[in-house]
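Dock chains B and C against chain A, hints included.
Protein chains in written order, with the numbering used here: chain A, 1 to 346; chain B, 347 to 589; chain C, 590 to 1178.
Honestly, the hints are just simulated from the structure, not real lab data. Quantities reported herein were computed from a predicted structural model and do not represent experimental measurements. Virtual Cβ for every residue (Gly too), placed ideally from N, Cα, C. A portion of the hints provided could be inaccurate.
The following label-pair restraints were derived from C-beta to C-beta distances [what the hints assert, rightly or not]:
1. A/Ser149 to C/Arg920: 58 to 66 Å
2. A/Val150 to C/Pro1167: 44 to 52 Å
3. C/Lys1165 to B/Gly480: 30 to 38 Å
4. B/Arg566 to C/Ala1162: 29 to 37 Å
5. C/Pro1167 to B/Ala458: 50 to 58 Å
6. B/Arg522 to A/Ala104: 37 to 45 Å
7. B/Asp417 to C/Gly942: 49 to 57 Å
Chain by chain, the residues:
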Amino acid sequence: MNTTIMLFLLQDGITNGAIYALLGLALVLVFAVTRVILIPQGEFVTYGALSYAMLATGQVPGTAKLAVAMGLVAFGLDLFFARKSLHARLIARAVAVDIVFPLAVCLLTYALAGPKTPIAVNIALALLIVAAIGLFLYRIAFQPIAHTSVLVLLIASVGCHLALQGLGLVFFGAEGLRGPALSNVALTAGALRFTGQSLAVYGLTIAFIVALWLFFGYSLTGKALRATAVNRLGARLVGIRTTLSGQIAFLLASLIGAISGILIVPITTLYYDTGFLIGLKGFIAAIIGGLVSYPLTAVAAILVGVVEAFSSFYASNFKEVIVFTLILPVLVLRSLAAPAVEEEKD
Amino acid sequence: MSALLSVSDVHIAYGKVEAVRGVSLEVNENEIVTIIGANGAGKTTLLNAVMGILPLKGRTTFAGQDMATLDIEDRVAAGLSLVPEHRELFATMNVEDNLQLGAFRIPKATAANSFERVYNLFPRLKERRKQLAGTLSGGEQQMLAMGRALMGAPKLLMLDEPSLGLAPIIVADIFRTIGELRAAGVSVLLVEQNAQAALQIADRAYVMELGEFVLSGAARDIASNQRVAASYLGFQHEGESAV
Amino acid sequence: MTQRLPLVIFALVMALIPLVPGMPPFWIVLLDNIGLAALVAMGLVLLTGVGGLTSFGQAAFCGFGAYTTAVLTTAYGVSPWLTLPLSLLVSGIAAVLLGIVTVRLFGHYLPLGTIAWGIALFYLFSKLEFLGRNDGISGIPPVAIGSYEMLSPGTIYYAIWIAVLISAVLTLNLLDSRTGRAIRALRRGHIAAEAFGVQTPRAKLLVFIYAAVLAGLSGWLYAHFQRAANPTPFGPQAGIEYLFIAVVGGAGYVWGAVLGAGIVVILKEVLQSYLPYIFGGQSQLETIVFGILLVMLLQLAPSGVWPWLTARLPLKTARRTADTSLTLPARERAPSTSAVLLQLDKARKQFGGVTAVNDVSFDVKAREIVALIGPNGAGKSTTFNLITGVLTATSGAISVLGRKVENAPPQEVVKLGVARTFQHVKLVPDMTVLENVAIGAHLRGASGAVASMFRLDRADEARLLAEAARQIERVGLTDQIDQLAGSLSLGQQRIVEIARALCVDPMLLLLDEPAAGLRHMEKQRLAALLRQLRDGGMSVLLVEHDMGFVMDLADRIVVLDFGTKIAEGTPAAIKKNPEVIKAYLGAAA
Chain A
1 MNTTIMLFLL QDGITNGAIY ALLGLALVLV FAVTRVILIP QGEFVTYGAL
51 SYAMLATGQV PGTAKLAVAM GLVAFGLDLF FARKSLHARL IARAVAVDIV
101 FPLAVCLLTY ALAGPKTPIA VNIALALLIV AAIGLFLYRI AFQPIAHTSV
151 LVLLIASVGC HLALQGLGLV FFGAEGLRGP ALSNVALTAG ALRFTGQSLA
201 VYGLTIAFIV ALWLFFGYSL TGKALRATAV NRLGARLVGI RTTLSGQIAF
251 LLASLIGAIS GILIVPITTL YYDTGFLIGL KGFIAAIIGG LVSYPLTAVA
301 AILVGVVEAF SSFYASNFKE VIVFTLILPV LVLRSLAAPA VEEEKD
Chain B
347 MSALLSVSDV HIAYGKVEAV RGVSLEVNEN EIVTIIGANG AGKTTLLNAV
397 MGILPLKGRT TFAGQDMATL DIEDRVAAGL SLVPEHRELF ATMNVEDNLQ
447 LGAFRIPKAT AANSFERVYN LFPRLKERRK QLAGTLSGGE QQMLAMGRAL
497 MGAPKLLMLD EPSLGLAPII VADIFRTIGE LRAAGVSVLL VEQNAQAALQ
547 IADRAYVMEL GEFVLSGAAR DIASNQRVAA SYLGFQHEGE SAV
Chain C
590 MTQRLPLVIF ALVMALIPLV PGMPPFWIVL LDNIGLAALV AMGLVLLTGV
640 GGLTSFGQAA FCGFGAYTTA VLTTAYGVSP WLTLPLSLLV SGIAAVLLGI
690 VTVRLFGHYL PLGTIAWGIA LFYLFSKLEF LGRNDGISGI PPVAIGSYEM
740 LSPGTIYYAI WIAVLISAVL TLNLLDSRTG RAIRALRRGH IAAEAFGVQT
790 PRAKLLVFIY AAVLAGLSGW LYAHFQRAAN PTPFGPQAGI EYLFIAVVGG
840 AGYVWGAVLG AGIVVILKEV LQSYLPYIFG GQSQLETIVF GILLVMLLQL
890 APSGVWPWLT ARLPLKTARR TADTSLTLPA RERAPSTSAV LLQLDKARKQ
940 FGGVTAVNDV SFDVKAREIV ALIGPNGAGK STTFNLITGV LTATSGAISV
990 LGRKVENAPP QEVVKLGVAR TFQHVKLVPD MTVLENVAIG AHLRGASGAV
1040 ASMFRLDRAD EARLLAEAAR QIERVGLTDQ IDQLAGSLSL GQQRIVEIAR
1090 ALCVDPMLLL LDEPAAGLRH MEKQRLAALL RQLRDGGMSV LLVEHDMGFV
1140 MDLADRIVVL DFGTKIAEGT PAAIKKNPEV IKAYLGAAA
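Pulled out of the complex, with its shape left as it was, chain A reads as follows (with noise of 0.2 Å):
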């Protein structure tokens, strides 16, 4: 075969493999903290792109209003979930995280919002949004049901998958969209031309393992959002609040698909339901990393890009059968791994 096809295949595979590294830390991330499988990961990517797409041609996207009226939602959970233990301070910030903050952003956006806004602006607007509905998805959907199994909590996942994906269709519409890129930077190497986007996804991605990693190992906040994760009660004993280390997690993943879409956005074109088939190839990634390992799942994620880079040039047709057969095997070889004896505790 010839050297070059095969450093373009790869140049592009580890481009997109990026992204799946980055979405499927985040996926990791969620499940770790609240045992919660997000399939919605995909339409924080949409979101975030699409809006941050949206905003690059001076119009304001739905999104904006969709946090205020999920902001509104939540507010109301929270009076009713409390509705026995009122007192002000509760009260104020339920009034300020869930109706202050939306609003700001969208009042903000439909300020800002124009054809000659910066691009860091466009990003910022956008990257709030999406970190607004990524907490009050949180809020109102897993939340309630946080200790439930995660049979359960996959169900209710693909519930909101459902809802995100025919609402990003009714925001953005059935064309696909593009974004300007973030800077138009060009390096060559040898046959390679690295533009300043896809060093930009590099650079991000390592940023983000490189931040998790110390996040979770030696900040106080990570380690008890990890004690969540390994035992609910025994976290809620010491007086760490689950409630909010789940909205966290959901606040920090959406950040990431957001950030991802943003990233991909101005190199290909994003549809409202494409955000479902890239989630789910970062999902491919966080599984073979277990579901717990970020170095794990972020080798995962470039070698998921690098497959899928050569299978769609050598079997184009067959490229998603490939990339989703290729779990199977991960999965198999996953589950004999797993303890023979079953979990005593229910």
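Quick look at chains B and C alone, frame taken from chain A:
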């Protein structure tokens, strides 16, 4: 002076079944109080409800504060701590991390003192501070669970069956430590099946049967009560010694 | 026949609906769709609700059924009636191939695996040339009886609903049988079921195939109803929808599948026709509402609508009285106490670097009660797991009646007459005490799945239930025989586990903390029962923390500490053993 923990006329139900019926109890400062009774009498249920894990009907106050509106995390912050029956350690984290998380609700500076205090109380934990909690022996896990609870500098420590599944010889160790806690100014509410050991160490005791307190008083008097001796101190612990 | 009455009424009503004058054809189409969805959901009820294997990929099996008949009838002109068995066969074979991998997946890897192959198959359907790629295959001939062609929705209606009713009856029969109990036990994990001889991978594969064949049947009907097949209805979205139907109806209930299909199909229709009026012409709005409803449903009624409904209807399930005069052949017992029943010779188990059981040797003779004591984490439960084949020993030998069992799976060990209970009770909480205990007699029955679907297993079944009832009587729980196991107190559940173990007709009974949670009087009754069993020729090995109970009951005691045996002897000797006092008991007793 009012009691540190006061529980009055508490009812706790699982669905339609009332597991605890109209129970009242008090724990004063610097006091070890024990609740003894057979398995299934409702002791664990009562402790869990006082901690806020289960909902209850009735009035509970802690350090003069009505606890009705407080959730578990608030109660921890107020100085109430529970070492549950299953210990609920962070199994895949090491001893030090477990202890550090025990001090989650108190300022960092105070936490350093807590570490020293806990390591003095349980030197074994210091030796094993880098070991994963899940790989500790049963006795060490109990020590870690108590240590983690003490890290938050609680005013009242509630212990649910600390002797469960431990070698009688370790049980002796655990009970000696409980005695030392009182000297350090921590009150203890102890739920035990091992009535003999519990009554020896406690100031006051309640006897629980089928969700109700059938007897209460000074631990010494309870221990010499005919009925208690027959039901709880006789057959059941024949093989074990005085601790 | 009173239990069959509601079914007959339901069948009659369904049969009459198309005959009602002025019935809008649109309603009949809706009912056709409900029936098609109910078939797939019924398979999911068995697979997910009963067997605990969540599949997001059932739609793909409909695809196998539909495409098989589509290709054969259009390209080769095969008659639809001939393709029916072939469609079912192809779905079944696909299920075997996917199932062999899927049923071995652990925990949440399993649903994830079904998502993966569900998507992969969808892309495969839409890329293969001979399946017509994304356009699919059209011009499929209608099903015909003689010259009567089922062209209208009103005629295929009967084919669909006859299929639904027959499938429902067969499924209910299957669940109420020896195989059915094995399937129902799967959801609570494989260890308990395997301890009584259930071949769990095979049972899982069986339900997997069963569900796939039902989906294939639905696919075949769908192809001849629509007269066309394309990939969309067999994609991941549809797979999710089927699961949704099962959950809405009540994932553990056969009729829940029909009810769920009714609710969801009608709801979807309503949403599709009215939402655009409310919110303007946007498409896909029903997906949004759908997703939100799914999340709300899980929060408000996680067990579905069917159980909610039946709890409010005056339906009484008939109490089953087992005829205890029927008996099963019993095992031959050793006449004397000299025979060594169980022997451990330097049994060792390491987990990574930790040695849980360290070269432990001891034996249990016939007609003997041996107690295993030691602190938590001393390796007592691990020893039990080594003996019963749940874990494989790292080294050393374990033999039962001279037969080496250290590498035998649990299903083989139980055949030798070793039955056990568990430290953490492993009963199926939504099965009655009788049904739970009958699982213990699994190996003493022989009827298979097909026999039970057609009710050819009744004689065998009656003997198994009689044995179960007898053992329940023996442990003194006859009053609770029809209660759900989950409603008993923990202490009583432990006793149920003993009855279940007794159904094996064991030589050796392994009891893991049988007295925990029992009151004083109950402990004494339990001790009396165990003595009586010993005198009847059974041996008992038990783990227990209550020293009073152990010292009073055991003939011999083995003491473990940190995985190592530190002493062995009579209760009197153990009480005085300095090593045991130092490591375990503390100051002399």
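Status of each hint after checking the structure:
| no. | hint | result |
| --- | --- | --- |
| 1 | A/Ser149 to C/Arg920: 58 to 66 Å | violated, 39 Å |
| 2 | A/Val150 to C/Pro1167: 44 to 52 Å | holds, 49 Å |
| 3 | C/Lys1165 to B/Gly480: 30 to 38 Å | holds, 35 Å |
| 4 | B/Arg566 to C/Ala1162: 29 to 37 Å | holds, 35 Å |
| 5 | C/Pro1167 to B/Ala458: 50 to 58 Å | violated, 43 Å |
| 6 | B/Arg522 to A/Ala104: 37 to 45 Å | violated, 58 Å |
| 7 | B/Asp417 to C/Gly942: 49 to 57 Å | violated, 40 Å |
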